[in-house]
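Chemist: Chains A and H are the protein sequences, given in the same order. The numbering of the first sequence is this note's numbering, which starts it at -4 and goes up by one. The numbering of the second sequence is this note's numbering, which starts it at 62 and goes up by one.
FYI, nobody ran anything at the bench for these hints, they're computed from the structure. No residue lacks a Cβ here, since even glycine has one placed at the ideal position from N, Cα and C. Watch out, some of these pointers could steer you wrong.
Said to hold, decoys possible - One-sided and incomplete, this derived list gives chain H residues near chain A with beta-carbon spacing under 7 Å:
hint: 1; residue: D108
hint: 2; residue: Y165
hint: 3; residue: W169
hint: 4; residue: S170
hint: 5; residue: N232
hint: 6; residue: D234
hint: 7; residue: G235
hint: 8; residue: S236
hint: 9; residue: E238
hint: 10; residue: E292
To be verified - Restraint-style ranges between C-beta atoms, simulated for each label pair:
hint: 11; chain 1: H; residue 1: D126; chain 2: A; residue 2: K418; range: 38 to 48 Å
hint: 12; chain 1: H; residue 1: V303; chain 2: A; residue 2: S67; range: 33 to 43 Å
hint: 13; chain 1: H; residue 1: G279; chain 2: A; residue 2: Y464; range: 58 to 68 Å
hint: 14; chain 1: H; residue 1: D126; chain 2: A; residue 2: Q396; range: 48 to 58 Å
hint: 15; chain 1: A; residue 1: D405; chain 2: H; residue 2: A104; range: 42 to 52 Å
hint: 16; chain 1: A; residue 1: D405; chain 2: H; residue 2: S147; range: 49 to 59 Å
hint: 17; chain 1: H; residue 1: K274; chain 2: A; residue 2: S315; range: 19 to 29 Å
hint: 18; chain 1: A; residue 1: E66; chain 2: H; residue 2: L107; range: 49 to 59 Å
hint: 19; chain 1: H; residue 1: T253; chain 2: A; residue 2: Y409; range: 28 to 38 Å
Single-letter residue listing:
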Amino acid sequence: MRMKWKKALTAFFIGTSLLTLTGCHGSRALPDFTVPEEFDASKNYEITFWAKNDTNRNQTDVYKKAIADFESLYPNIKVNMKLYTDYGRIFNDVITNIATGTTPNVCITYPDHIATYMTGKNTVVPLDDLFADEKYGLGGDSLLYDSPAQEEIVPQFLSECVLERQHYAIPYMRSTECCYINKDYVEKLGYTLPDVLTWDFIWEVSEAATAKNADGTFALNGQNVMIPFIYKSTDNMMIQTLKQQGADYSTPEGDIGLFNDTTEAFLYEIADHVESGAFSTFKISSYPANFLNAGQCVFAIDSTAGATWMGADAPLSDISEDAFVDFETAVRMVPQFDPEHPQMISQGPSICVFNKADPQEVLASWLFAQYLLTDEVQISYAQTEGYLPVTLKAQESPVYQDYLSRRGEDNQTYYDIKIDASKLLLAHTGDTFVTPVFNGSASLRNAAGQLIENVAASVRRHETVDDAYMEKLTADVTALYRLDQKEIASGSRQELGALPQTAVFLLSALAIAWCLILLYVIRDFVRKRKNH
Amino acid sequence: MKKTIALTLTLALVLSLTACGKGGNGGDDKKSEGVMTYAEYMAADLDSEVVIETYVQAKQSWWEDKATLYTQDKDGAYFIYNAVCSEADYEKLTPGTKIKVTGYKTEWSGEVEVAEGATIEIEDGNYVAPVTDVTDLLGKDELIDHQNQFVSFKGMTVEAADDSGAAFLYNWDGSGEDGNDLYFNVSKDGQTYTFTVESYLCDNSTEVYQAVKNLNVGDTVDMEGYLYWYEGVNPHITSVTVK
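Only chain H is shown next, with the shape it has when bound in the complex (with noise of 0.2 Å):
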């Protein structure tokens, strides 16, 4: 009798810590006092104060105290632009920090964001978010549901960023050179789509950025990274593999 107690508490205990996993803290993700649930942030008026827990997935920059961030808790996701952040602390965010934001929700461009001069504090707590296929919402009204969510697109097609043919341009109209973000277009059931490489958040040296200057019109490609908006769907891309 005592070794099936024993043994039902261990799996009890074995089971309650899968649960956490990958997400550790965040696996519950309970809110704290005072914090709004991903529901109540959406809810919530434009330019009315905030106040969330979420997790860091990526980094997008520091300079003089502010930070940009993508993040996500298991309900949704945040981008959190040029919040207040000390470089120590700053250092200190890796993919699955959690952190309390206060700040006031806007919008630029359609893009929802928590905006400038918001706080943070670090909090224990540690949450990735899995990556979620939206290829087959694209062009579809619910894909702004998945806004500022670590996503991926499968088995897109590479087609031709300007009239000359080139599968990628160095910013939107080929202005730039190397070092500036990419835009290259991609297509699905006929529908195209133009997807960036912010290099802010993948610049030159990343095997991201790289992968996207090798890309040949016609080749059949995944991805993954943010869902970024801006006067319509605008993904910040983090991986591509060719197939």
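Just chain A, same shape as in the assembly (with noise of 0.2 Å):
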């Protein structure tokens, strides 16, 4: 109910698709934007922005809200919301209205998504003027709110959008993954909670639970479901495993290492794993948090954002409340190799401004783009689930800190487990790291999630996990997501070598044509003087 991924996939392959043709027909070029002088109050603009939201009232209510304050602010800019509730569904939608020239003005993004779009040229505005722009620019003299300086935005998040050496986002929120468990179920098997989780430590308690009793019910819960740990997005378990153990995942100029040693072992162990009924993931099972609040799951790994739906008394459910059970629930990174020297995926949503053939409607998108990082709009959507505010601005305010210091206060605005998963990216903002954007990265890290998916399916549907097995599953997901066509997984320009002849004879007939016209011209035009 809450979020329909099976339309989310579908969406994604619409937007990967239509991706090739947009390369093809792209829309006449826009001009490169350049930063006005002032901006003209004198004109009405009117700006789309496509928003996206986890399908959470609270969170259009702070984008709705935020609106109107900014166009009582700027009466003469009008902000045109549409509401999207997942990212492969505006990739799509931003792809198609790039071949027919009718992108949104602002949009919520990814920055993987940014890199596919920038291949129409001029489509996505580059920022690093706009952000330098004294009057309008990050903490401008000329705004009419009070906007962060650019040394004011977490500089890890800020890097985030960087591509090709330029900003084309800004960061809107922060996320990353983190466990949720049922420390109860953890101490009833003889175990100690960690501060720190390690792969080794969840593998042992997660085999641990899946002991049944004799009447064939599981001796830990007496149900007949337990799935001890769920895995809800497999691309991040298997980028942040690679990561984690310094191995291959992909270059930033799109060179694919995904498919390696420490893989191949990783899906061995997720195999026999999944043969002992310790480990699921999302698309097979369902939601983590499904189980989890049914006591149907020690572990279960979802995003910071999706606290708000996790354990005992979690303010949002799928399930019904009858279906709960009572257990203290704990919250801790993801597992780790090296405790010491933890490593998590950052991810959340960016914005990005769409060029146009109006200077000044850029400049209008950018102040509103500009206006979601403003103190009040930051802070309240951060607190809609276990985001991050992007600015050390509104991290530091009183209003911020005063929201964390509350936690638990209530089971809605303070639910503890969502501060905690808030304060866990605020302690470890610094053990975050992103993956390198190039057109292509996005499928780049589907096929990663897919090898998972696919083993686990396979385990479940007896089928032999061996060397030929692997064999066969590299060469599907490289054909899957086209892993192959570096040209187009990684977006660099394919050198074409010398034109054909026969290519080289058409347009130097062109050419002389061309020339023998002109020629006709300038000599009927002297005859025509001399006449006169």
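Dock chain one against chain two, each of which comes alone in its own frame, and use the hints as you go.
Modeler: Here it is in structure tokens:
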């Protein structure tokens, strides 16, 4: 109910497919954007904002209030919002609209997706000149609101928006993944929950949780269902595992290193734990929260932005009230290989501005985009889930600090699990990382998850997972995500070599014809002048 | 005598055709060799391979050679998720089209379905399932026996979808807008149930989408749709009639 992953997946495929069409039939290129000297307040502008929410009414309310407040400051700018609940659908629609020259003005997005949008010339506005503009830039002196200066945006989050050495987005919210744990179950199994989970610990406890009673029910919960360890995003599972072990994934240039020995060893490990019933994925079983809250799961890994769904007192839920069980919920980082040097993914929405023929319209768009970085918007939106504001200004503000300090006061605004999740990211911002962004990086990310999904499904279907299987899996996933087409995957410009002879001949003939036409026109002009 | 025989044979022929009736070849619904009956499909373990012959009742979506279908034979219904299907074949699928599906049985949040990646073959035959009234089964364990079937609910009362008193919501919590799924509450005998207009199945240009947007709390409605499941019954409604 809360989010249709099946729809999201479909939308992603639509987008990736349309990408190639757009590459062939791009609309007429827009001119480079130059920041106007002054914002023309005498003209009216109507801009479109494509926003993403987590199927969360509080988030849409924050957007609506932000728009109303902004419009009261800039009465000549009207903002029309279109709501989305998944990034894939936005990606798909943007790609479609690039082809027709009808992109939105401002759009919530992922940097991976911007890399694809940028295959259209001057489609996305590079923001560095806007950042630095004294009047309208970050912290600019002609702004009608209190905007953060560039140095007040968390540097790590801002750097995630750099593509081809320029900023093409501003961060909007940040989250990471964390592990939501039924602490009672861990202790019932005879373990003490450590501050930092290791992969060895999580696998060991998960295996212990698969023990059954003589009647076939699970010893841990007395129920017929128990999936000790469920991972929501298998893309992230693979990416973080590789990063933590220093294994290849991809280079910034788009060279793919996903298929390596570390990947294969991890897939074999996953196969073993699927076989024993210790592990499953969201795509195979369903939302981790549904199982965790029903006492059918020990370790549920999901985004910090999903915290309001997690725990015995979760304010949001898809399962019926009578299915809930009471337990103590603990929040930890995702499991690590080296607890002394934890590493976790940085994720969350960013904002890009699309180029338009009228620079004033682009400036109006920028004014709105930048407004979303103001303290009130940042703090209000961050409170809707386990998000973190992206500005130090907001993070350090008394209002936000007060919010964090009131952990557990209620099960709505101050829901303890949600605030724990935010605090976790706040404490470990320096331990987060992002993967290289290039045209095709979104496909590679999906391929990383697909490896795990395929192995898990195959084990459940009693297929043999061996070297031959791994070889075929690599080939299948490579073909499915077109990872062997490097010029597509990386977005690099293909060297086509010398022109064929026939092409040279045709082009030469065209050039000669144009020269002859030109000569004729000149001769005719000279003759007419002489006659006069 | 000859006239009597001729008349008898004619009547027998007419009767046999009538027996096929709307269902065409699907009337007897004899399964091909190696194909499971509905009972065998239901008895099959999750994650085991299944081969079924069934009839398309509605198409939910197609993209990148993947089709999601509501299908049914005379014994029960099968939800086919993201089966491999070319666009050309998808166009050939109309209500009643017979298909053979080979794939794996799975369950996702209570919804039993043929998992992503199944293959489809179009076969000769046609059957459009009659609607089954399951109003009296709401709240009872037997309702799940009709999972994914084309069903109807009669004489239900529209209830407020949230504290504001709205008759429907865009998305489950009202966070969406026109074009998103519609959620609305209906009650019977003091029990309230949440029904959905699934926007991929029935988008905002359809009659049912508009009808739900025009509902008022207190309306009495008859509805038809497919008995989808997500953490409990979650019917995908295809028609609403205000009484």
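Chemist: Give a verdict on every hint.
Modeler: Status of the hints after comparison with the structure:
1. D108: Cβ of D108/H sits 4 Å from chain A, so the hint holds.
2. Y165: Cβ of Y165/H sits 6 Å from chain A, so the hint holds.
3. W169: holds, 6 Å
4. S170: Holds, because the Cβ-Cβ distance from S170/H to chain A comes to roughly 4 Å (cut-off 7 Å).
5. N232: holds, 5 Å
6. D234: Given a least distance of 5 Å, the restraint on D234/H holds.
7. G235: holds, 5 Å
8. S236: holds, 4 Å
9. E238: holds, 5 Å
10. E292: holds, 5 Å
11. D126/H x K418/A: 38 to 48 Å: For K418/A against D126/H, whose Cβ atoms are near 45 Å apart, the range 38 to 48 Å holds.
12. V303/H x S67/A: 33 to 43 Å: Since the Cβ atoms of V303/H and S67/A sit about 41 Å apart, the hinted range of 33 to 43 Å holds.
13. G279/H x Y464/A: 58 to 68 Å: holds, 59 Å
14. D126/H x Q396/A: 48 to 58 Å: Given about 52 Å between the Cβ atoms, the range holds.
15. D405/A x A104/H: 42 to 52 Å: With Cβ atoms ~48 Å apart, the hint holds.
16. D405/A x S147/H: 49 to 59 Å: About 53 Å separates the Cβ atoms of D405/A and S147/H, which means 49 to 59 Å holds.
17. K274/H x S315/A: 19 to 29 Å: Because 27 Å falls inside the window, the suggested range holds.
18. E66/A x L107/H: 49 to 59 Å: holds, 53 Å
19. T253/H x Y409/A: 28 to 38 Å: The hinted range 28 to 38 Å holds for T253/H and Y409/A, with Cβ atoms some 30 Å apart.
Consistency note: the structure conflicts with none of the earlier hints.
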